[in-house]
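Engineer: Given next are the chains, with one letter for each unit.
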Amino acid sequence: MALTNDELKAAILKKAETAPKPQLYIKDFYACDPDSKPRVIKNAANDLVKEGKMMFWSSGSTTMYAMKNRIKDEEGEGGVN
Amino acid sequence: MAKHETPLLDELEKGPWPSFVTDIKRQAEKSPQCWDILGQLELSFKERITHWKHGGIVGVFGYGGGIVGRYSDLPKRFPGVEHFHTVRLAQPASKYYSTKHLRDICDLWEKYGSGMTNMHGSTGDIVMLGCRTEALEPFFYDLTHNLQQDLGGSGSNLRTPANCLGQSRCEWSCYDTEEACHHLTMHYQDEIHRPAFPYKFKFKFSGCPNDCVAAIARSDVAVIGTWRDNIRIDQAAVKEYIAGNIPANGGAHSGRDWGKFDIQKEVLALCPTECMWMEGGELKIDDAECTRCMHCLNVMPRALRPGVEQGASICVGAKAPILDGAQFATLIVPFMKVSADNEFEELIEFIEKIWDWWMEDGKNRERVGETMQRVGLPTFIKVMGLEPIPQHVKEPRSNPYVFWQEEEVEGGWERDVEEFRARHAA
Ligand code: HEM
Ligand code: HEM
Ligand code: SF4
Ligand code: SF4
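Chains G and P supply the protein sequences, listed in that same order. Going by my numbering, the first sequence opens with residue 11, and the numbers climb by one from there. Going by my numbering, the second sequence opens with residue 3, and the numbers climb by one from there.
Chain G extracted, bound-state conformation (with noise of 0.2 Å):
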């Protein structure tokens, strides 16, 4: 049985905080939940975004997510790989 939107959005969550890399790709996330289509966990990794839980990171040619806490702005000192 699929996870619930909600299941999916806190399975989601827990991948982006203790995944070894800061930056996922989307498909990182279909191991969330084999039950659920990748355009089902698309749009609840969309969500969180729009929630202000995680954040896109993009190169210009592909998009990664990641949660704020774990990714330091380019802005600042440093900078992503």
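Hints should not be assumed to be uniformly reliable.
[Claimed, not checked] The calculated lysine-lysine pairs, modelled on BS3-like cross-linking and capped at a C-alpha distance of 25 Å, are:
| # | chain 1 | residue 1 | chain 2 | residue 2 |
| --- | --- | --- | --- | --- |
| 1 | P | K48 | P | K5 |
| 2 | P | K355 | P | K384 |
| 3 | P | K55 | P | K27 |
| 4 | P | K27 | P | K16 |
| 5 | P | K78 | P | K113 |
| 6 | P | K365 | P | K355 |
| 7 | P | K384 | G | K47 |
| 8 | G | K47 | G | K31 |
| 9 | P | K5 | P | K55 |
| 10 | G | K19 | G | K37 |
| 11 | P | K113 | P | K32 |
| 12 | P | K365 | G | K24 |
| 13 | P | K384 | G | K37 |
| 14 | G | K47 | P | K355 |
| 15 | G | K78 | G | K25 |
| 16 | G | K31 | G | K60 |
| 17 | P | K365 | G | K37 |
| 18 | G | K25 | P | K365 |
| 19 | G | K31 | P | K365 |
| 20 | G | K31 | G | K78 |
| 21 | G | K25 | G | K63 |
| 22 | G | K47 | P | K365 |
| 23 | G | K47 | G | K19 |
| 24 | P | K267 | P | K286 |
| 25 | G | K63 | G | K24 |
| 26 | P | K55 | G | K78 |
| 27 | G | K19 | P | K365 |
| 28 | G | K19 | G | K63 |
| 29 | G | K25 | G | K60 |
| 30 | P | K78 | P | K32 |
| 31 | P | K355 | G | K37 |
| 32 | P | K5 | P | K32 |
| 33 | G | K78 | G | K24 |
| 34 | G | K31 | P | K55 |
| 35 | P | K339 | P | K384 |
| 36 | G | K60 | G | K19 |
[To be verified] Listed below are several chain G residues computed to face chain P (Cβ distance under 10 Å; list not exhaustive):
| # | residue |
| --- | --- |
| 37 | K37 |
| 38 | K52 |
| 39 | N56 |
| 40 | K60 |
Keep in mind the hints are simulated off the structure, nothing from the lab. Quick reminder that beta carbons are idealized off the backbone N, C-alpha and C, glycines included.
Starting from the structure of chain G, add chain P with the ligands where the hints point.
Structural biologist: Coordinates of chain P with the ligands only, in the frame set by chain G:
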């Protein structure tokens, strides 16, 4: 007054052609941050390494695309380009707009950004080059509220769809490219403005096989107008061309005297499938062999027109050379009706079938064309629920292996081994 010495860049102003260096110097008189572009680029020329950092966290509220973050790695030395983000604006279908709209966009960009633009980027969008992070939200507010102008796509999103000017000006267009482009743009707003895929995804619309938006080379789904009946021939006009009374190619090559028009040499002999000939003073075409290259129609537009049963061919999987080499799209559906009457239902169904599969099976940063190549065309065709057809075969008879499915073989894979061994001892 120039802020940096740029002897290497100055070389690029010497030729007879227009120079981006001259353009940037001129703009820098108005927007001084542009001097630092020249300073940083000069340094890169000298050191042979870029000083742009790649990517970052920029965007406007609610959008996950349309803005590409760019930062200098020498902000103290070149403060004007400390932030120099690119903003993509969705171009209208066929790039029709009023000069007033263009002026308004330029004025807005001089207010919030560097004033530098790229009309248009290779993506099709109007590209605004260079602004600071804190200018993004106010720029976006004015853009949407005062100019009713939206951002385009970037990142792992559906990119701003693009089309040739189609039936608005071109007699060859086999479907309404503008309507198709506009409809799909509106239909997929979420996919354009927020990341949706393992990587970028593009569709582009050309009205005929001349493919003026280069859909076949640049898009994951290329919708290219075609016809499935016969080229319409006006034999009287053919005679006029032969007599030299109508200039070939619509007069496009009239700058020089190419001699008398020779239909044999300039049309019949150049038909790639050799399916045209003259008979009793009339032009004949074996339409079953015609590959819709458009050559004969381009040379004699008054005499030849696309057939009346019109639609589009759908090709999938083009990409630029990022990992492997550049790749053209592969023909998947030779003919599809493309019509606003059913809100492009067939096309939308086709696109979403690709997405469902690619989102699941595509690897990170893998374009759909690369996924197709990895699994092979037979697998892709099966995924799409299509029957293999001759048009899918690039070189007939070069591969002797035919793979049957069990249900296609009488008796299936099961056989009576005892009975077989009775005849063939082990
Ligand atoms: C250890 C023993 C053998 C090995 C490792 C071996 C290996 C191979 C390989 C690698 C091929 C090429 C397959 C391809 O092109 O895809 C081949 C083809 C072939 N082999 Fe063998 N083979 C062996 C024994 C035999 C024997 C005993 C025969 C005949 C009595 C035989 C007859 C053939 C034939 C006729 C082909 C051509 C098949 C075709 O082109 O369709 N092979 N073999
Ligand atoms: C009257 C008898 C035969 C006829 C008419 C015949 C005919 C053919 C034909 C038309 C081909 C296809 C050639 C091609 O693909 O270009 C072929 C291939 C082949 N035949 Fe025969 N054949 C006969 C007997 C035999 C026998 C007795 C053997 C083995 C003991 C044999 C082994 C093969 C093999 C291994 C191939 C594949 C060759 C390759 O893959 O390059 N054939 N045969
Ligand atoms: S692609 Fe064909 S229909 Fe579109 S503008 Fe070019 S020639 Fe005309
Ligand atoms: S369109 Fe091309 S292939 Fe078809 S008849 Fe004309 S020249 Fe030949």
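Engineer: The structure should be examined with respect to each hint, and the outcome stated for every one.
Structural biologist: Now for the hints, and whether the structure bears them out:
1. K48/P x K5/P: holds, 17 Å
2. K355/P x K384/P: holds, 11 Å
3. K55/P x K27/P: holds, 23 Å
4. K27/P x K16/P: holds, 14 Å
5. K78/P x K113/P: holds, 23 Å
6. K365/P x K355/P: holds, 17 Å
7. K384/P x K47/G: holds, 20 Å
8. K47/G x K31/G: Given pair K47/G, K31/G holds - Cα atoms ~24 Å apart, limit 25 Å.
9. K5/P x K55/P: holds, 22 Å
10. K19/G x K37/G: Distance of about 15 Å is within 25 Å: holds.
11. K113/P x K32/P: holds, 11 Å
12. K365/P x K24/G: Given that 25 Å is the threshold and the Cα spacing comes to 23 Å, the pair holds.
13. K384/P x K37/G: holds, 23 Å
14. K47/G x K355/P: Holds. K47/G to K355/P sits at ~13 Å (cutoff 25 Å).
15. K78/G x K25/G: holds, 14 Å
16. K31/G x K60/G: It holds: about 22 Å lies between the C-alpha atoms, which stays within 25 Å.
17. K365/P x K37/G: The given pair, whose Cα atoms are some 8 Å apart, holds under the 25 Å limit.
18. K25/G x K365/P: Distance ~19 Å between K25/G and K365/P Cα, so the pair holds.
19. K31/G x K365/P: holds, 18 Å
20. K31/G x K78/G: OK: K31/G and K78/G at ~13 Å, within 25 Å.
21. K25/G x K63/G: holds, 13 Å
22. K47/G x K365/P: holds, 16 Å
23. K47/G x K19/G: holds, 14 Å
24. K267/P x K286/P: holds, 15 Å
25. K63/G x K24/G: Distance of about 12 Å is within 25 Å: holds.
26. K55/P x K78/G: Holds: K55/P and K78/G sit about 20 Å apart, inside 25 Å.
27. K19/G x K365/P: holds, 23 Å
28. K19/G x K63/G: OK: K19/G and K63/G at ~10 Å, within 25 Å.
29. K25/G x K60/G: holds, 18 Å
30. K78/P x K32/P: With Cα atoms ~22 Å apart, K78/P and K32/P stay inside 25 Å; holds.
31. K355/P x K37/G: holds, 18 Å
32. K5/P x K32/P: Status holds; Cα separation ~13 Å.
33. K78/G x K24/G: The given pair, whose Cα atoms are some 13 Å apart, holds under the 25 Å limit.
34. K31/G x K55/P: holds, 20 Å
35. K339/P x K384/P: holds, 21 Å
36. K60/G x K19/G: holds, 12 Å
37. K37: holds, 6 Å
38. K52: With a minimum Cβ separation of about 6 Å from chain P (threshold 10 Å), the hint on K52/G holds.
39. N56: holds, 5 Å
40. K60: Check passed: Cβ of K60/G comes within 7 Å of chain P, closer than 10 Å.
Figure legend: structure checked against the earlier numbered hints; every hint is met.
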